[in-house]
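> What follows is the residue order along each chain.
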Amino acid sequence: MLAASLFLYAQTLGLKDNPLVPIGPGYYPRIVLAITAVLALAVVLADLLSKKAASSAPGVKLNYAMVAAMFAVFGLYCGALPFIGFRIATFAYIAATNAMLDPPVSKGGYVRVLAVALVTTVIVYFAFERYLAVLLPRGRWTDF
Amino acid sequence: MAGHLELLGSGILGMLHLKYLVPLVIGSLIGVVGGALPGITITMTVIVVLPFTFGLEPLQGLAAMIGVYVGGETGGLITSCLLGIPGKPSAVATTFDGFPMARKGEPGRALWLGIWASILGGLLGAIVLVEATGPLAELALKFGPWEYFSLFILALSMVAGLVESSLVKGLLAGALGCVTTILGNDPVMGQPRLTLGISWLEGGVPFLPVLIGVFAFAQIMTDVERTGFSKTPDSLERALNLAVSHSKVLWDILSRPFLLLWSTFIGLVIGVLPAIGGSAANMLAYDQAKKFSSRPEKFGSGIPEGIIASESSNNANVAGSLVTIMAFGIPGDAVTAVMLGALTIHGIQSGPLFISQNAQLAYGMFAAYILAHPIVLIMLALGVRWVLRIVIVPKSILFPVVLVLCVVGAYALGNTMATVYVLLASGVLGYAMVKFGFPLAPFILGVILGDQIEINLVRSIMTDANLWLFLTRPISGVLLAASVLSIVGALWQHRRMQRKAAAATDAPDTDF
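Chains A and B supply the protein sequences, listed in that same order. Throughout the first sequence, residue numbering follows numbering that gives the first Met the number 0, covering 0 to 143 in sequence. Throughout the second sequence, residue numbering follows numbering that gives the first Met the number 0, covering 0 to 511 in sequence.
Just so you know, these hints were derived from the structure itself, not from any lab. Don't take every hint at face value.
[What the hints assert, rightly or not] Taking lysine-lysine and the DSS-like style, the derived pairs with C-alpha atoms no more than 30 angstroms apart in a straight line are:
| # | chain 1 | residue 1 | chain 2 | residue 2 |
| --- | --- | --- | --- | --- |
| 1 | A | Lys106 | B | Lys394 |
| 2 | B | Lys434 | A | Lys60 |
| 3 | B | Lys247 | B | Lys103 |
With the rest of the complex left out, here is chain A (with noise of 0.2 angstroms):
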């Protein structure tokens, strides 16, 4: 956050000022990219001189991988969406997510997640451009 802010502080420096207004348009920018500048270092000084080491609950095993996995199959999922379209990749997310968060054992387990991504896909998909007016992203590959 700190060198976010002041390689954002410096790139308002090159900012032209408008002649209509007494100030410009990096005025405003600048006092609050200082501001976050020195919030920053205060919060790292606040660290470093902590003597509390951070650490989560003893006792609480925190599952990260399947954190990381989420977010991947999310991403997957977003920059899908443009090409093989809302409801394909729909399905596949939900399916996807569903299995990863309660993996299927039998084939009643599969059952479910494939019914689960359809049912939603198809609720989803008809609530919003038949009944919403909402249009969903088409497929570029697939236009569908």
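Place chain B on chain A using the hints.
Below, chain B without anything else, positioned relative to chain A:
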């Protein structure tokens, strides 16, 4: 005054038309269920409902959202009382006495004490909402750009100062929110700045996808990281006898008028303060009820006072939040921030002119708030057992569905993938902020108010370049002094808490 009540009457009559009543009822139902679902906050529920409102008239959409808000605040107590799991942060204090009362064999009394206290607290809050919003908006109309600038600074400093973990992190989160508003064209002259070569950034960062992303991902991912999703709670399998004498329950509440009024007042005040929300209201009201009680030692053992204090305050908190957004255009919490977004999508500017320029809409909102309470009451009288059944929907199904609706909501804002990418980036940022201990409320307030702070700063300097005016104009000066005081007060509070914690660590452990 007569005109004011006439408008309210016509607002209520209008809201009873099926066109508005149906979204209000559906919103209330979704709110009750969302509020009852542990791990699903009201903010997330209203985010899910948001895209469905795009195709509706503004009042229909707002009625649905107000239904979600009121329903959510009331629904949260169901699992708090019957399962001992708060459905939402603003029902945490309800658990302290609601669940022990249910375990002592009075689940119906615990539940209905909460429901009636919610309804009464909410309706008392409605009186303030209807009566205070107009005068406060009139007061705000007297504000010039100096006063608005100072008011927004006060809002940000208060929210940052109320953060429990770290004042500096709270302030930094608020500043970071303001940073997102400086990317793109400057809001006064439209001159491009800090676009970093990204073409779609020229229009600035839209705040709604940021809000949706930050809150939805922060909530969902912190749940996902806890391995293994909870199965149906054992207590749900037991047949619960929820039969109760409503007159006795009502007497339980009405025989404690000071408790009801004081808790409602606390809820209202917390609601009016920007971005604090019901989670603080119910804890503070519970704490106050305990301090004023003649039997404080009984709190936590299943007494009515604890339930009444918590539930009347969190519903009154909704009214307080609505006052702030309708009179000043400042969201009282994350839910009203989403409402602000919905208003913006429909081209409606909230703020002091909102009531005078959109009287029908404003009084329609009052009516929706008032009517949502009896609707929720009837709903719970008819189907509280069904709500308990719905609560067991696995999160492995719920989470992907919620995230898809977030994508739809973001995409529908401008029919462009750019807003979806903003959603994704905000999601990562929101989760990172939670993990590094940065509060979300000041960040969101910064995102919402950043533009307004700049606009009013530039306007004031364009009117008069003398910067001392911010201090010498009475209202502006008082507001800025209050900002400084709020930060000094927060610093003092943090130091005191640290000293207490240190003293507790040094004290000999007497438990052994």
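> Take the hints in turn and mark each one as holding or not.
Quick rundown of the hints versus the structure:
1. The straight-line distance between the Cα atoms of Lys106 of chain A and Lys394 of chain B is roughly 21 angstroms, inside the 30 angstroms bound, and the hint therefore holds.
2. For the given pair, Lys434 of chain B sits about 14 angstroms from Lys60 of chain A by alpha-carbon distance, which is consistent with the 30 angstroms threshold.
3. Distance check on the hinted pair: Lys247 of chain B and Lys103 of chain B sit about 18 angstroms apart at the alpha-carbon level, within 30 angstroms; holds.
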